[in-house]
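Undergrad: Letter by letter, the chains look like this.
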Amino acid sequence: DTEVTQTPKHLVMGMTNKKSLKCEQHMGHRAMYWYKQKAKKPPELMFVYSYEKLSINESVPSRFSPECPNSSLLNLHLHALQPEDSALYLCASSQGRRGKSPLHFGNGTRLTVT
Amino acid sequence: DAKTTQPNSMESNEEEPVHLPCNHSTISGTDYIHWYRQLPSQGPEYVIHGLTSNVNNRMASLAIAEDRKSSTLILHRATLRDAAVYYCIQEGNQGGKLIFGQGTELSVKP
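Chains G and D, in that order, are what the protein sequence lines are. Here the first sequence stands for residues 1 to 114, where the numbers follow our numbering. Here the second sequence stands for residues 1001 to 1110, where the numbers follow our numbering.
FYI, nobody ran anything at the bench for these hints, they're computed from the structure. Nothing here was measured: the structure is a model prediction, and the numbers come from that model. By construction, the Cβ of each residue, glycine as well, lies at the ideal position given by its N, Cα and C atoms. Heads up, some of the hints might be wrong.
[Stated by the list, open to error] Across the chosen pairs, the derived CB separations fall in these ranges: (1) D:His1019 - G:Pro8: 33 to 43 Å; (2) D:Asp1067 - G:Glu58: 45 to 55 Å; (3) D:Lys1109 - G:Arg97: 37 to 47 Å; (4) G:Pro69 - D:Ala1065: 38 to 48 Å; (5) G:Ser20 - D:Leu1080: 34 to 44 Å.
[What the hints assert, rightly or not] Below, a list of computed lysine-lysine pairs in the DSS-like style, where the Cα atoms sit at most 27 Å apart: (6) G:Lys22 - G:Lys100; (7) G:Lys9 - G:Lys22; (8) D:Lys1069 - G:Lys9; (9) G:Lys18 - G:Lys38; (10) D:Lys1069 - G:Lys41; (11) G:Lys53 - D:Lys1109; (12) G:Lys40 - D:Lys1097; (13) G:Lys40 - G:Lys53; (14) D:Lys1109 - G:Lys40; (15) D:Lys1097 - G:Lys38; (16) D:Lys1109 - G:Lys100; (17) G:Lys53 - D:Lys1097; (18) G:Lys100 - D:Lys1069; (19) D:Lys1003 - G:Lys40; (20) D:Lys1109 - G:Lys9; (21) D:Lys1109 - G:Lys41; (22) G:Lys22 - D:Lys1109; (23) D:Lys1097 - G:Lys9.
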């Protein structure tokens, strides 16, 4: 079990669907992250939230829309995805202090776009 | 973005030490070096990090070269549960921006 909980564990969606991925942590962390990981590849950073504000967007297409309703929750809203967006989506959190705050990862949501 | 280079794969025998190398030739004086590992079907897990000095914790040791252009993660006695992909990451001035390298897949033989 990890301290970062992601739901759902698996998601299958069509290209016209709208869905959301959820991430929750109760460690009091102030920074939260979304990464995308394709099979046999390293995780790729998508977004970083710091104190509930978006601080980094790695030029992610607008069909991915992050939201941080409060310091414990992070959502990723999905709309009009493509099959190539199928991947493992990882959420992480940290205390947000550079060089002093390890990232704690969830086990991810495995997304399949049909 | 800062890039690190690692061997694609390494093999080790159980209960023997493992030295996992990483090159980070573009590192600046204030960049941290982080190591994470990812076991099959799990999210990455923090292993260790450092700036200039060698670091030890319960999981591993981190040896950083004097010129800081390379580092080595040391697992003192490999177990079968240490089989994973190990990622070396260079954290620059933009805090929170941890960009994963390609990683080294470590296999451990009984």
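Undergrad: Among the hints numbered above, which are violated by the structure, and what are their numbers in rising order?
TA: 2, 8, 11, 13, 16, 20, 22
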